[in-house]
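Visitor: Residues 1 to 366 (the UniProt record's numbering) are what the sequence shown spells out, left to right.
Everything labelled a hint here was simulated from the structure, so no lab data went into it. What you were told as hints is all true, and nothing was included just to trick you.
In silico lysine to any residue, SDA-like type, Cα no more than 25 Å apart, as pairs:
#1 K235 <-> P196
#2 K288 <-> Q330
#3 K153 <-> E130
#4 K235 <-> G314
#5 K143 <-> A106
#6 K288 <-> A341
#7 K343 <-> W302
#8 K153 <-> D96
#9 K153 <-> A129
#10 K288 <-> Q212
#11 K343 <-> E255
#12 K153 <-> Q212
#13 K343 <-> N238
#14 K143 <-> T263
#15 K343 <-> A299
#16 K343 <-> T240
#17 K288 <-> L266
#18 K153 <-> Q141
#19 K153 <-> T263
#20 K343 <-> E292
#21 K235 <-> D336
#22 K143 <-> T103
#23 K288 <-> A264
#24 K288 <-> G272
#25 K343 <-> Y241
Pairwise CB distance ranges, derived in the manner of DEER restraints:
#26 E304 <-> D124: 27 to 37 Å
#27 E286 <-> C127: 16 to 26 Å
#28 L95 <-> A299: 39 to 49 Å
#29 G242 <-> C127: 32 to 42 Å
#30 G325 <-> N145: 45 to 55 Å
#31 N145 <-> A299: 39 to 49 Å
#32 C127 <-> D285: 21 to 31 Å
#33 T90 <-> D247: 42 to 52 Å
None of the values given here were measured: they were computed from a predicted structure. Think of the CB as a built atom: it goes at the ideal place given N, C-alpha and C, for glycine as much as any other residue.
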Amino acid sequence: MNSADFMSLQVLPCRHPVGAAALDRPNPSSVTPPKPWHGFRVIPGDNQSLRGFQVQPIHPIAIPSLTLVSGSESKQPSGGALDPVRFLLTMSASLDLDEVVRTLNAFLGEVVAPSGWSYRSPGDELCLAEGQQSGHSIQYQLKCNEQALGVLKLWRNRPFTAEDQQQIEALLALAVPSIHNALRFFQINRQLERDPLTGLGNRRALTIQGAQWLADCIRHRHPLSLLVLDLDRFKMINDTYGHPVGDRVLCQVAEILRAVTRTADLCVRLGGDEFVVLLPGATLDEAKDCAERIRQALAEQWVETETGERIGIGASIGAASHRPGMDLDQLYHEADAALYAVKQARPERAPRRLVRPGFQAQPLMA
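Let the sequences and hints guide you as you build the complete structure.
Guide: Here it is as structure tokens:
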């Protein structure tokens, strides 16, 4: 199987009150059943599709394993043994999406030994990767009840056999409920970390995600930089044209930040007209280049009022890069100090005021 191989796994709940993967197992507090379970058989539903999975215990077999029965034939994988009860208990032990995905891939490592893997949540809100990309890969689009759960891709330096695919798909079928629950929990938390007006991250997002990214950058010895952005004469815009126009200015700034920065960057509205951009992996020079791109993009934009006047957008931006011993607050304060140094270095100007033909422009006064 080469790098172009692609597979799609869709796991939908069967008609069973438990849900996506119905497991009929004894109560852990009860006595040991007379016939111990040595593995699971995952049986697809109608039309040989992967709909309506049911997980049934397989009574004694030679090698404990998870087997995907596809069609009328059943093959016993030649890979290593895996305890399905341990897998299910471990996967359901956390609601943290990062931890659930890494746990799943740890088990996949025991079964098919990939050289690397990657996971992208729907909308690319969470992107995880570990290991190395090799010449052979296999990719799965995970779904539950038509809801996308993300994309999982595995790499290996040798092809994935049919038996490997059976074991991977059997594990994924059992893992879907845990991934679904963790993804839902992740999405709820992300909603709490969003600014309701602009859709950017808020202070909580900067505190939580920023601390994680700072720890990662320190651990892997990668650079980390931060920008602090403050709009020029924003209070004057609110006082002259009203808060609805001011809100449109803030939303326009948010759109520009999303367009100019990378997907991996964190754009945050701290409050009022103050924004922060956290740039993992960026040096101070790269952060300054990003600040200049933002400044130029803002200079080319405007917001139109109800009377046809166009208000230009200007901003002052400060940049700082992480140094050993700094925490996130210190990094922010250093960038904020650079911002005020920029403001003091030039006189504060009123926002540019453009009008439609036939209107006479009057300068905005402080």
